[in-house]
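Peer 1: Okay, here's what each chain looks like letter by letter:
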Amino acid sequence: MKMILRRRQFLISTTILGFGAACSYASTKPEVKKSETKVISVTAKKFEYSTSEIHLKKDEPVILEFVSQDVVMGFNLPDFKLRIDIIPNIKTRLPFTPDKTGSFTFYCDIFCGSGHEEMNGVVIVS
Amino acid sequence: MKDLVNRRDFMKLSGLGGVVFASGLFGAGITSCVTAAGKLEAAAEDFYFVQLSDTHWGFEGAPNPDAKNTLKNAVATVNSLAQQPDFIVFTGDLTHTTDDPQERRKRLAEFKEIVSDLKVKSVRFMPGEHDAALDHGAAYHEFFGDMHYNFNHKGVHFIVLDNVSDPTASIGSGQLAWLAEDLSKQATDAKIVVFTHRPLFDLYPQWDWATRDGQKAIDLLMAHSNVTVFYGHIHQENHHMTGHIAHHSAKSLIFPLPAPGSQPKRAPVPWDATQPNRGLGFREVDVELQKNKFEINEFNVQGLPAAKA
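From first to last, the protein sequence lines stand for chains R and Z.
Per our numbering, the very first residue in the first sequence carries number 25; after that it's consecutive.
Per our numbering, the very first residue in the second sequence carries number 644; after that it's consecutive.
Bear in mind the hints are in silico, worked out from the structure with no lab data behind them.
The beta-carbon is built from N, C-alpha and C at its ideal position, and this holds for glycine as well.
One or more hints might be untrue.
What the hints assert, rightly or not - With a Cα cut of at most 25 Å, we get these calculated PhoX-like pairs of lysine-lysine: (1) Z:755 x R:70; (2) Z:749 x Z:797; (3) Z:711 x Z:749; (4) R:105 x R:115; (5) Z:828 x Z:859; (6) R:69 x Z:762; (7) R:81 x Z:711; (8) Z:859 x R:82; (9) Z:908 x R:124; (10) R:124 x R:70; (11) Z:715 x Z:764; (12) R:69 x R:124; (13) Z:859 x R:105; (14) R:105 x R:82; (15) Z:859 x Z:908; (16) R:124 x R:105; (17) R:105 x Z:749; (18) R:105 x R:62; (19) Z:749 x Z:764; (20) R:70 x Z:908; (21) Z:711 x Z:762; (22) Z:764 x Z:797; (23) Z:711 x Z:797; (24) R:70 x R:105.
Stated by the list, open to error - Just a sample of chain R residues kept apart from chain Z, beta carbon distances all over 10 Å, derived: (25) 66; (26) 74; (27) 85; (28) 91; (29) 100; (30) 118; (31) 134; (32) 138; (33) 140; (34) 141.
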């Protein structure tokens with residue numbers, strides 16, 4: 025009898041533990057995935073991006089996170105048909121998985137002032 | 644039109660180049676232009692107009708150490724043409740951009756004063772992003788009025804599109820609706836010429852040589868069989884077809900830019916002291932209605948036929 029009780033308690037315990045683990049897995053799975061996705065922060069200000077070279081790996085997802093320090097600007101990466109407005113003091117995120125290697129020009133596509141035409145950079149995918 | 648023919652014949656016979664494009668741009672058959680009032684305008688008389696572009700008045704820098712004279716020299720050259728054009732069009736970037744609204748107005752005023760010396764008083768203007776993108780065209784409008792409009796001339800319907808005063812380089816839904824309405828009044832075979840600053844098609848978006856919603860304008864124009872677009876922005880000749888629509892960009896009058904994608908960065912072609920004003924110039928467009936074609940003749944600042952692009 026004692027053995028049966030112990031076995032039931034064990035089964036109940038393992039079931040609870042198993043369920044708990046499953047719940048835990050279900051609730052933490054997105055967070056794990058999210059934390060695995062690299063976030064690359066890019067700050068824009070008249071008339072430059074904080075980085076003029078963004079290095080990425082083919083088929084590796086990243087999140088590009090933009091913020092402007094002054095006026096509304098743009099990030100346009102024509103070779104991937106990717107663009108986003110860059111808003112002052114508000115972070116905007118752009119998920120991106122490059123599917124080809126090479127060097128690709130990005131530029132500000134919102135006319136922002138006298139130095140606008142020099143506001144560009146390059147995404148290098150290896 | 645005898646003088647026009649003679650001038651063209653002279654250029655061809657002398658082998659000086661400059662004739663860069665000649666074909667049946669208007670398609671087959673003589674057509675008419677339906678005016679806003681619904682009246683047919685006769686298409687009978689040939690004429691020519693001059694296109695100048697990207698004068699960037701106010702620019703200072705190594706790419707053009709003679710910037711204070713280039714525009715004035717071009718005005719003098721156009722004034723010296725034996726036969727004056729029916730009209731002259733400036734396809735944007737009249738002034739070089741500045742962050743100072745007062746300086747912008749000063750440059751626009753100076754530009755206007757310089758081109759007032761043109762003998763031909765029928766002059767059409769439109770803004771480039773350097774003139775209008777920072778204030779949505781407010782200063783430009785004070786000096787030159789509307790940024791999109793139309794006019795008719797000797798059987799041709801001309802449409803001026805503004806793809807620069809919106810800093811996102813868009814034409815915008817309002818203007819596209821205006822374009823659709825204007826085109827709805829034209830016969831499908833009407834002779835239509837569009838003037839604009841940026842290319843309507845994706846010439847090279849990596850260098851911002853595009854219009855964000857330009858394809859929407861092209862889609863509207865595609866319903867008409869005889870459409871030709873003249874534009875500026877890229878500081879060099881470029882000839883491109885989207886379907887049956889021809890697009891011709893003009894040289895600049897400040898500094899040339901490299902061919903699309905020919906180098907990593909878009910940067911002015913350096914000034915060559917041994918060949919001042921190299922790559923700069925203007926064009927004449929002969930509109931030969933009876934033969935249903937345009938002929939584009941390129942000239943340098945001194946008025947000599949320019950080498951073929």
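Peer 1: Confirm or reject each hint.
Peer 2: The hints, checked one at a time:
1. This hinted pair does not check out: residue 755 (chain Z) and residue 70 (chain R) have alpha carbons roughly 30 Å apart, beyond 25 Å.
2. For the hint linking residue 749 (chain Z) to residue 797 (chain Z), the alpha-carbon distance of about 36 Å lies beyond 25 Å, and the restraint is violated.
3. The straight-line distance between the Cα atoms of residue 711 (chain Z) and residue 749 (chain Z) is roughly 14 Å, inside the 25 Å bound, and the hint therefore holds.
4. Using a Cα cut-off of 25 Å, the hinted pair residue 105 (chain R) and residue 115 (chain R) holds, with the two alpha carbons roughly 21 Å apart.
5. A hinted pair counts as satisfied when its Cα atoms are at most 25 Å apart, and residue 828 (chain Z) with residue 859 (chain Z) qualifies at roughly 18 Å.
6. About 45 Å separates the Cα atoms of residue 69 (chain R) and residue 762 (chain Z), which puts this hinted pair outside 25 Å; it is violated.
7. Among the hinted pairs, residue 81 (chain R) with residue 711 (chain Z) is inconsistent with the structure: their alpha-carbon atoms are about 49 Å apart, more than 25 Å.
8. Proposed proximity of residue 859 (chain Z) and residue 82 (chain R) is contradicted: the alpha carbons are some 33 Å apart, above 25 Å.
9. For the given pair, residue 908 (chain Z) sits about 21 Å from residue 124 (chain R) by alpha-carbon distance, which is consistent with the 25 Å threshold.
10. Proposed proximity of residue 124 (chain R) and residue 70 (chain R) is contradicted: the alpha carbons are some 30 Å apart, above 25 Å.
11. Between residue 715 (chain Z) and residue 764 (chain Z), the direct Cα distance comes to roughly 16 Å. Compliance with the 25 Å bound is thereby established for this hinted pair.
12. With a C-alpha separation of about 29 Å, the suggested pairing of residue 69 (chain R) with residue 124 (chain R) is violated against the 25 Å cut-off.
13. For the proposed pair residue 859 (chain Z) and residue 105 (chain R), the alpha carbon gap of about 17 Å is at most 25 Å, so the pair holds.
14. As the CA atoms of residue 105 (chain R) and residue 82 (chain R) are separated by approximately 16 Å, the hinted pair is consistent with the 25 Å bound.
15. A distance of roughly 28 Å separates the Cα atoms of residue 859 (chain Z) and residue 908 (chain Z); the hinted pair therefore is violated under the 25 Å criterion.
16. Between residue 124 (chain R) and residue 105 (chain R) the alpha-carbon distance is near 13 Å, which keeps this suggested pair within the 25 Å criterion.
17. At roughly 39 Å between alpha-carbon atoms, residue 105 (chain R) and residue 749 (chain Z) are farther apart than 25 Å, so this suggested pair is violated.
18. Between residue 105 (chain R) and residue 62 (chain R), the direct Cα distance comes to roughly 21 Å. Compliance with the 25 Å bound is thereby established for this hinted pair.
19. Of the pairs offered as hints, the one joining residue 749 (chain Z) and residue 764 (chain Z) holds, with about 22 Å between alpha carbons and a cut-off of 25 Å not exceeded.
20. Between residue 70 (chain R) and residue 908 (chain Z), the direct Cα distance comes to roughly 19 Å. Compliance with the 25 Å bound is thereby established for this hinted pair.
21. Simply put, residue 711 (chain Z) and residue 762 (chain Z) have alpha-carbon atoms about 20 Å apart, close enough for the 25 Å limit, and the pair holds.
22. Taken as a hint, the residue 764 (chain Z) and residue 797 (chain Z) pair is honoured in the structure, with Cα atoms around 17 Å apart against an allowance of 25 Å.
23. Restraint check for residue 711 (chain Z) and residue 797 (chain Z): not satisfied, since their Cα atoms lie roughly 36 Å apart, outside the 25 Å limit.
24. Proposed proximity of residue 70 (chain R) and residue 105 (chain R) is supported: the alpha carbons are some 24 Å apart, at most 25 Å.
25. For residue 66 (chain R), the condition that its CB be more than 10 Å from all CB atoms of chain Z holds, with the nearest at approximately 18 Å.
26. No beta-carbon of chain Z comes within 10 Å of the beta-carbon of residue 74 (chain R); the shortest separation is about 19 Å.
27. The Cβ of residue 85 (chain R) lies farther than 10 Å from every Cβ of chain Z, with a closest approach of about 23 Å, so its non-interface assignment holds.
28. With a minimum CB-CB distance of about 19 Å to chain Z, residue 91 (chain R) clears the 10 Å threshold, and the non-interface call stands.
29. With a least CB separation of 7 Å from chain Z, residue 100 (chain R) falls inside the 10 Å interface cut-off, contrary to its annotation.
30. The non-interface label for residue 118 (chain R) is consistent with chain Z: the shortest C-beta to C-beta separation is roughly 17 Å, beyond 10 Å.
31. With a minimum CB-CB distance of about 5 Å to chain Z, residue 134 (chain R) fails to clear the 10 Å threshold, and the non-interface call is violated.
32. For residue 138 (chain R), the shortest C-beta to C-beta distance to chain Z comes to about 5 Å, within the 10 Å cut-off, and the non-interface label is violated.
33. Residue placement check: residue 140 (chain R) does not keep its beta carbon more than 10 Å from all beta carbons of chain Z (closest about 8 Å).
34. A Cβ of chain Z approaches the Cβ of residue 141 (chain R) within 10 Å, the least distance being about 7 Å, so the stated non-interface status is violated.
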